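Given these sequences and hints, build the entire structure.
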Amino acid sequence: MNVENIARLVAVKVRLFDPKPLTYDEQKDLSLLLHKIWEEEA
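Reading the sequence shown from the start, the letters are residues 1 to 42 in UniProt numbering.
Just so you know, these hints were derived from the structure itself, not from any lab. All clues stand as given, with none of them false.
List time: in silico SDA-like cross-link candidates among lysine to any residue, alpha-carbon distance up to 20 Å: (1) 13 x 31; (2) 28 x 11; (3) 36 x 9; (4) 36 x 25; (5) 28 x 4; (6) 13 x 41; (7) 28 x 8; (8) 13 x 3.
Quick caveat, the model's predicted, so the values are computed rather than measured.
Here it is as structure tokens:
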């Protein structure tokens with residue numbers, strides 16, 4: 001997993017603890033990011 005992905009994942013995790021709900025774009029970004037990470041781990 002590259003550093004950019006890790007940084008973005010951390011940013012998203014921080015957002016998940018934010019009381020405001022994720023926007024549609026953030027949800028889409030999160031699912032794409034998780035999918036990418038999952039493929040790299042496989």
